[in-house]
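Student: Listed below are the residues making up each chain.
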Amino acid sequence: MSSDTLVAASAKPMILALLLSGESYGYQILQRVHRVSGGELEWSSAMIYPVLRRLEKEGLIRSDWRVSGENRMRRYYRLTDLGRGESAKEKARWLSVNGALRKAWATAGAEE
Amino acid sequence: MFDLEREIRTWKRELAKNPSLEDSDIAELEAALRDEVADRVRRGAGQEEAFRLARSGMGETKVIGDEFDKVRSPHGFGGALFGNYVRIALRKMRRQKGYSFITVAGLAVGLACCVLMMLWVSDEAGFDRFHADRDSIYRLIAETPNGTGTMRDAHPATPLAPAAKASLPEIQDYCRYRTSSYYGVKSGDKSFPYETVGVADPSFFTFFSFPLIKGDPRTALEGPLSVVLTESLARKLFGDADPLGQPVTIGADAFAVTGIMRDVPRNSHLRFSCVIPIINMHNYHHVDFESWNSKFFAAYVRLAPGADASRASSKLSDLLRTGLDRPDMAIRLQPLEDVHLRSDFAFDSDNVSQGSASTLALFSIAAAAVLLLACINFMNLATARAANRGKEVGLRKVTGARRSDIVRQFLGEAVLQALLGLGLALLLIWAALPLFNDLAGKDLAFARLFRPGLLAIVLGVTIGSGLLAGSFPALRLASFQPASVLKGSFLGGGRDHQAVLRKGLIVFQFALTVFFLIGTLVADKQLRFIRNKNLGVDTHFVVMTMFRSEAHRQAILADPRILRSSWSTPPGGQLRAASDVSWEGKDPDDHTPFLRAAADPDFLEVFRAAMAEGRFFSKDMESDRSDAAVINETAARVLGPASPLGRRLKITAMSDEGQIETSTYTIIGVLRDFHQTTLRQAIEPMVFTWSHSPYINLRIDEARLDETIKFLEREWKAYAPGRPFIYSFIDDKIDSFYNQDRKTRTILSVFAVLALFTACLGLVGLAAFIAEKRTKEIGIRKVLGASARGLVLMQSREFLVWVLAANVLAWPAAYFAAGRWLRGFAYRISPGIGPALLALLFSVLMALLSVTYKAVRAATENPAESLRYE
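Chains as they are written, first to last, in my numbering: chain L, 208 to 319; chain F, -16 to 853.
It is worth saying that the hints were derived from the structure and are not from the lab. Every residue, glycine too, gets a C-beta built ideally from N, C-alpha and C. Just to be clear, a hint being listed does not mean it is correct.
Short derived list, chain F residues pointing at chain L, Cβ under 7 Å [said to hold, decoys possible]: (1) Val54; (2) Val827; (3) Leu828.
With a cut-off of at most 30 Å between alpha-carbon atoms, the simulated DSS-like pairs for lysine-lysine come out as follows [as the list claims (entries may be wrong)]: (4) F:Lys75 with F:Lys602; (5) L:Lys296 with F:Lys53; (6) L:Lys264 with F:Lys759; (7) F:Lys756 with L:Lys219.
All chains should be modelled from the sequences, with the hints used to inform the complete structure.
Tutor: Okay, here's the thing in structure tokens:
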């Protein structure tokens, strides 16, 4: 469905939002994106890991390697305080865009 | 059978080829892949299908890499870009441990050699630089032509320097100098028998720059019994008390301390622990300060400002010729800074720890050669593997990198490896320095390396070699056409002129190695020849020593362990030519020098020398003591074809104690020629008289060697307390002529081994690369029935041809150089074909060992495996 730019633009708020509920690792984040979008959003590993790197570099998330329940090494990511704040700002930005778009479409519907 | 683990390994290897991915990225991708496979299997998929789907879901490795690149490389921003290059370079090296080891280890060995040499050269070249007037101080060297060349004497005529100052405006001042270690220094109950006592003109402390802590440099040596002590000797003698004015016994006389000087710097060719005025040599040795035939001191002059050195030397030569009435003699002015490194003179024993500029040059060249070999390894491996990095370069170009960016990146990588090599090299040097000091006879400190001047040079050489090694691969990689690289039509590696160049470089490497090998082998052969050569006398188990009194002499000679004794100048001792030897009918222009030696009748027995004609001195013939002379066969030939027996010789010569005497002798016998001195020199005419020698030679019982020496030392202490025990084995003395040669051989052999190591390292790398390139070919050949042995042969043959070519190329140069070195010996081997064959055998063997391991592995691998590869 979605255009690449939209996916790219939404990656950051999406990851921050998913990490609000606690730490997670790359594959799990992919799965949850799949789930919350009802299968509409299909992210690839090629995309998510570079974004995670960038977020970590910006200080929004932090990661460490741990052995998981299945006895495999996994890299877990969690929000920093900075990331929490950024997530709130992102939420406000997207909601305002969302609200604006809704109004725009509603007006368009009335005029049609 | 589907093997998940193997598939994952293959996939990871593929990822690892992408330079944008770090190891942690790959690990995380792997974790995700495994999660997804496990997920899909749980939902009922087969393992193979799950893997296939998961992998394709991940995307192409190139795409993955690009995504990571977007986050990481901030294009156009220099600093971050540089950091990125460093990261990529380090990652590359981690992924290719073998190749990185070869390049970095090779560079480390080469750099270690070079840096060690720099350390050495900087130390050697720094000698005597601390004298304020170093640029106007010269040493006087007397040159006398002899039959074959020129005899150069570090002790010119004693009156020359004062006469020059008195009559030549060019000579501003002079100072004469020599040392003695025979006196011993005492004060009260403290006794130091082995201190080196300097004997010098009173101008010493104003002429040279040895600063006095106490006392007046202008007057300290004015009184005949004054002495200036070095700080450390003063402390040993007097502790913290003020030493000025204190009495010190040197030899038999009481001196008074008139000055304290700072210790002599390590890099001074003059070494001593105290200085007394020159006039004492008249008292001890009856040195004749007026006679032009007297040669007892080194002489230094300081030229007046603006004076021309060559004019001064010709005026000095005139002065000497007039004084001696010898028109063939000359004086050469040796600059002070040349004394340490460029002296090869007779009677130069006061020039302590002499170096050799040519040896230094030889070793520096050898060290640079090893570094060059390491740089070649780098170039060879980097260009050979360029193909593997073609994709990376293509991508960079597509994403907007300019040619200069690419060149900078690869040069940077090379420099980075060189710097890593330097780190390793410093470690090597730190570990090897004690050994090197031992070999070179030096006392170099590791910390010296970190002096700013030297450090700058070391870094310069390191970065320079990085740039040299990286230049060629960098330019080549930068010239890749991205389109052809990305389409896959680019074929790197073993094609066309690149391969030719690579072979050329390998041949060059091995040629250098073979050159060193042959040099080492020839030097070894010559030194063994010297050791085994019959010198014409038997010097084994003969000890030279001195007696302090008649009672001392009797106590020793009565002992049964002393088999025989002879008062004489021993073989190996340095002999001075007589000032003049003449006989009836001698051509007045004939100035052939005759070495003058003292011997008593026992000389023949102690040294087991043989007569050619006539008889030796006899205790039964009282007239032999004053009237008889024995000459050697070479001298007899100078006298003419008739038998020399009964002819009269008039000899003017300086005695061992410095007196000039003229006497006439009758020749009573001819000794068979023996080698008095080094085999570098031809046997010279010699004349023996039964005269006094202060040295006694003892032939001792070889079965009781150690206890005899202990006995001698005990007796010495009893009869000469506080004086140094002077003794030496004649064999050691003769052996010491070749110390420098042995040192050269040893260090050369170390370089040969390092060169061979570096060249073989390169070969290992290249063989591995070629085996990898040919994996498919080898697989197909095996399927078609080729044997493992045949395949190994096929792979090794090419290398062997290169090494053979290298040998053939190296032979002429090596034999030319060896021949030149050998010409320095009057008695020498002919090197023969042996060293060349040995070097050939050795280099081929090492080359084979280097290439076969990889070749055998490639040839014995399951063909199915090698065909699956790629």
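Student: Look at each hint and say if it fits the structure.
Tutor: Outcome of the hint check:
1. Val54: holds (4 Å)
2. Val827: Not OK, violated: Val827 of chain F not within 7 Å of chain L, min 49 Å.
3. Leu828: Status violated, d = 47 Å.
4. F:Lys75 with F:Lys602: violated (86 Å)
5. L:Lys296 with F:Lys53: holds (25 Å)
6. L:Lys264 with F:Lys759: Distance ~44 Å between Lys264 of chain L and Lys759 of chain F Cα, so the pair is violated.
7. F:Lys756 with L:Lys219: This hinted pair is violated, its Cα atoms lying about 45 Å apart.
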